[in-house]
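Undergrad: Single-letter residue listing:
2 protein chains.
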Amino acid sequence: MSQFDDETRLSPAGEGRYSGRVHSCYNIGGNPNGGYLMALAVSALRDRLPQHPDPVSIGIHYLRPGIGDEACEVQTEVIRAGRSVSTARATLLQQGVARLEVLATMGALGTGESGTKSSEADAVQRLTIPMPSMPPPEQCVARSGAAQGITIALLDRLDIRLHPDDAKPGLLPEARLRGWIRFLDGREPDPFASLLFADAFPPAVFGLLGVVGWVPTIELTVHLRSRPAPGWVLGQFSARDLDDGRLIEDGLLWDSTGRLIAQCRQLAMLLKRS
Amino acid sequence: MSQFDDETRLSPAGEGRYSGRVHSCYNIGGNPNGGYLMALAVSALRDRLPQHPDPVSIGIHYLRPGIGDEACEVQTEVIRAGRSVSTARATLLQQGVARLEVLATMGALGTGESGTKSSEADAVQRLTIPMPSMPPPEQCVARSGAAQGITIALLDRLDIRLHPDDAKPGLLPEARLRGWIRFLDGREPDPFASLLFADAFPPAVFGLLGVVGWVPTIELTVHLRSRPAPGWVLGQFSARDLDDGRLIEDGLLWDSTGRLIAQCRQLAMLLKRS
Numbered sequence: 001m002s003q004f005d006d007e008t009r010l011s012p013a014g015e016g017r018y019s020g021r022v023h024s025c026y027n028i029g030g031n032p033n034g035g036y037l038m039a040l041a042v043s044a045l046r047d048r049l050p051q052h053p054d055p056v057s058i059g060i061h062y063l064r065p066g067i068g069d070e071a072c073e074v075q076t077e078v079i080r081a082g083r084s085v086s087t088a089r090a091t092l093l094q095q096g097v098a099r100l101e102v103l104a105t106m107g108a109l110g111t112g113e114s115g116t117k118s119s120e121a122d123a124v125q126r127l128t129i130p131m132p133s134m135p136p137p138e139q140c141v142a143r144s145g146a147a148q149g150i151t152i153a154l155l156d157r158l159d160i161r162l163h164p165d166d167a168k169p170g171l172l173p174e175a176r177l178r179g180w181i182r183f184l185d186g187r188e189p190d191p192f193a194s195l196l197f198a199d200a201f202p203p204a205v206f207g208l209l210g211v212v213g214w215v216p217t218i219e220l221t222v223h224l225r226s227r228p229a230p231g232w233v234l235g236q237f238s239a240r241d242l243d244d245g246r247l248i249e250d251g252l253l254w255d256s257t258g259r260l261i262a263q264c265r266q267l268a269m270l271l272k273r274s
Numbered sequence: 275m276s277q278f279d280d281e282t283r284l285s286p287a288g289e290g291r292y293s294g295r296v297h298s299c300y301n302i303g304g305n306p307n308g309g310y311l312m313a314l315a316v317s318a319l320r321d322r323l324p325q326h327p328d329p330v331s332i333g334i335h336y337l338r339p340g341i342g343d344e345a346c347e348v349q350t351e352v353i354r355a356g357r358s359v360s361t362a363r364a365t366l367l368q369q370g371v372a373r374l375e376v377l378a379t380m381g382a383l384g385t386g387e388s389g390t391k392s393s394e395a396d397a398v399q400r401l402t403i404p405m406p407s408m409p410p411p412e413q414c415v416a417r418s419g420a421a422q423g424i425t426i427a428l429l430d431r432l433d434i435r436l437h438p439d440d441a442k443p444g445l446l447p448e449a450r451l452r453g454w455i456r457f458l459d460g461r462e463p464d465p466f467a468s469l470l471f472a473d474a475f476p477p478a479v480f481g482l483l484g485v486v487g488w489v490p491t492i493e494l495t496v497h498l499r500s501r502p503a504p505g506w507v508l509g510q511f512s513a514r515d516l517d518d519g520r521l522i523e524d525g526l527l528w529d530s531t532g533r534l535i536a537q538c539r540q541l542a543m544l545l546k547r548s
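Quick mapping for you: the protein sequence lines, in order, are chains A and B.
Numbering-wise (the working numbering), the first sequence opens with residue 1 and increments by one.
Numbering-wise (the working numbering), the second sequence opens with residue 275 and increments by one.
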């Protein structure tokens with residue numbers, strides 16, 4: 001079993017409840033990564049809805065920071081069990097207090113290999129956003145916590161390589177970031193990995209503003225588009241809308257074949273470095 | 275009282291429950307509009323959280339179509355009452371069955387007039403997406419149900435004027451739509467109107483594919499950015515990602531001063547015209 005599968009494993013505890021542990025090996029500084037906590041909570045819904053094991057559209061509101069190396073409970077409720085998709089909610093608690101709340105549509109994602117199964121207009125089978133051109137991973141810059149002055153335990157799990165043109169905090173004309181990502185232990189990507197990858201890159205706003213401190217997520221939505229092929233995943237993130245201290249960051253993920261596998265957007269607070 | 279305020283009014287029914295009515299005057303064809311149902315459900319949260327009356331980040335998953343001219347109940351739960359924002363959920367039921375589920379962060383939006391109150395990096399107070407150039411409303415094309423062959427009761431409440439270059443179903447090189455919107459009874463926009471306006475335009479995909487039938491929303495997220503100034507609101511919508519019959523549509527709303535007031539994104543199913 002891969003590290004990620006092991007570290008997002010939950011045990012049924014009856015009545016839609018699951019027990020597990022938030023591992024500290026996905027921490028950024030002192031806090032567990034939000035994408036990891038999302039994958040952990042959604043793994044409970046995968047167990048609740050075996051006919052719809054894939055996340056399709058996940059909305060998560062972060063209530064309080066998680067606690068690394070501490071037990072957690074996930075409470076789930078199936079809101080509607082449907083034919084093609086199901087809708088459910090999950091609350092992740094630690095020390096008896098809710099840390100995040102998830103509202104999810106679960107289903108079954110395609111690989112895109114057999115063409116569309118839908119009844120959409122015959123003329124157009126697919127619209128998509130093409131993968132940007134990128135230097136290969138070996139010509140990119142490894143993510144590190146040095147610029148932020150923090151320890152990023154997550155980097156013991158994930159290999160993250162940033163576009164050399166983008167790894168320049170405070171020196172870019174816009175808030176953008178492109179980079180490769182994969183698991184260090186060789187686990188191949190899947191839709192649960194996409195949840196983690198959606199929140200594992202440095203904030204795109206660092207490129208424009210420099211390292212401005214903690215950027216805690218208020219809300220994160222991930223739309224899963226396709227099951228990824230094996231290999232590196234490419235992420236592209238941008239922030240064009242900062243108002244009253246609240247920032248929107250948009251993200252796109254492509255698999256190694258160039259197929260778009262996820263779109264994500266988060267609302268975050270931009271806090272001054274303390 | 276304006277029509278919209280009257281038609282989104284709920285009465286407390288004890289224990290976080292509210293009773294009201296889904297009016298048919300926001301129908302598109304036979305179904306109540308999704309933005310109207312969202313505003314109705316979120317109005318219950320405004321009552322629950324008087325210290326945080328504005329929607330800030332609203333995620334909604336649509337479970338089943340609503341029923342026009344039929345009673346509804348909204349069940350609410352406050353998940354976290356915080357200092358700057360609060361998080362809550364709401365379920366809208368009709369005939370005893372859940373129709374939609376909302377997960378919301380509520381707060382207090384600024385008007386942007388007094389500058390930012392946040393502690394963000396001093397160098398950049400705001401990033402924003404500029405309003406596109408648009409002909410004035412009187413040179414635009416009124417939305418109608420003729421092309422879709424349906425009656426749009428919503429157009430007895432809302433004045434919607436489309437950019438003449440975009441009101442050409444099936445003839446555009448991309449899936450895009452720009453248009454003006456306001457209430458017909460003169461009610462000025464506010465953050466609740468932004469919820470309605472986020473889902474009141476024709477699907478942007480019609481521009482590229484033609485009128486392809488019903489495009490039911492699975493999930494809609496609206497991030498409210500600022501309290502709108504009086505006057506017309508401008509919407510811009512685009513769809514660049516259709517895969518396996520599921521479409522993502524992005525939207526932006528600006529007020530009459532050109533200030534960005536909302537960003538929205540929905541995941542919808544593209545169904546063949548029956």
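Treat the hints with caution; some may be incorrect.
[Said to hold, decoys possible] Dumping the calculated SDA-like pairs for lysine to any residue here, alpha-carbon to alpha-carbon at most 25 Å: (1) Lys168/A <-> Arg461/B; (2) Lys168/A <-> Arg240/A; (3) Lys168/A <-> Gly186/A; (4) Lys442/B <-> Ile129/A; (5) Lys168/A <-> Phe183/A; (6) Lys442/B <-> Gly29/A; (7) Lys442/B <-> Asp464/B; (8) Lys168/A <-> Thr128/A; (9) Lys442/B <-> Arg461/B; (10) Lys442/B <-> Gln422/B; (11) Lys442/B <-> Thr128/A; (12) Lys168/A <-> Glu188/A; (13) Lys168/A <-> Leu127/A; (14) Lys168/A <-> Leu155/A; (15) Lys168/A <-> Met134/A; (16) Lys442/B <-> Phe183/A; (17) Lys168/A <-> Gly423/B; (18) Lys442/B <-> Pro490/B; (19) Lys168/A <-> Arg126/A; (20) Lys168/A <-> Arg400/B; (21) Lys168/A <-> Pro132/A; (22) Lys168/A <-> Ile403/B; (23) Lys168/A <-> Asp190/A; (24) Lys168/A <-> Arg187/A.
Read the hints as simulated data drawn from the structure, not as lab findings.
Undergrad: Take the hints in turn and mark each one as holding or not.
TA: Taking the hints in turn, this is what the structure says about them:
1. Lys168/A <-> Arg461/B: With Cα atoms ~48 Å apart, Lys168/A and Arg461/B exceed 25 Å; violated.
2. Lys168/A <-> Arg240/A: Cα-Cα ~18 Å, so holds.
3. Lys168/A <-> Gly186/A: violated (28 Å)
4. Lys442/B <-> Ile129/A: Holds, at about 23 Å.
5. Lys168/A <-> Phe183/A: Between Lys168/A and Phe183/A the Cα gap is close to 24 Å, so the pair holds against 25 Å.
6. Lys442/B <-> Gly29/A: violated (52 Å)
7. Lys442/B <-> Asp464/B: Judged against 25 Å, a Cα distance of about 30 Å means the pair is violated.
8. Lys168/A <-> Thr128/A: Answer violated: Lys168/A to Thr128/A is near 29 Å, above 25 Å.
9. Lys442/B <-> Arg461/B: violated (29 Å)
10. Lys442/B <-> Gln422/B: holds (12 Å)
11. Lys442/B <-> Thr128/A: holds (22 Å)
12. Lys168/A <-> Glu188/A: The hint is violated at about 29 Å.
13. Lys168/A <-> Leu127/A: Violated, at roughly 32 Å.
14. Lys168/A <-> Leu155/A: Roughly 19 Å separates the two Cα atoms, so the pair holds.
15. Lys168/A <-> Met134/A: Distance of about 16 Å is within 25 Å: holds.
16. Lys442/B <-> Phe183/A: violated (47 Å)
17. Lys168/A <-> Gly423/B: Violated: Lys168/A and Gly423/B sit about 54 Å apart, past 25 Å.
18. Lys442/B <-> Pro490/B: holds (21 Å)
19. Lys168/A <-> Arg126/A: violated (35 Å)
20. Lys168/A <-> Arg400/B: holds (20 Å)
21. Lys168/A <-> Pro132/A: Holds. Lys168/A to Pro132/A sits at ~19 Å (cutoff 25 Å).
22. Lys168/A <-> Ile403/B: This hinted pair holds, its Cα atoms lying about 23 Å apart.
23. Lys168/A <-> Asp190/A: violated (30 Å)
24. Lys168/A <-> Arg187/A: Cα-Cα ~29 Å, so violated.
Hints 1, 3, 6, 7, 8, 9, 12, 13, 16, 17, 19, 23 and 24 from the earlier list are contradicted by this structure; the remaining hints agree with it.
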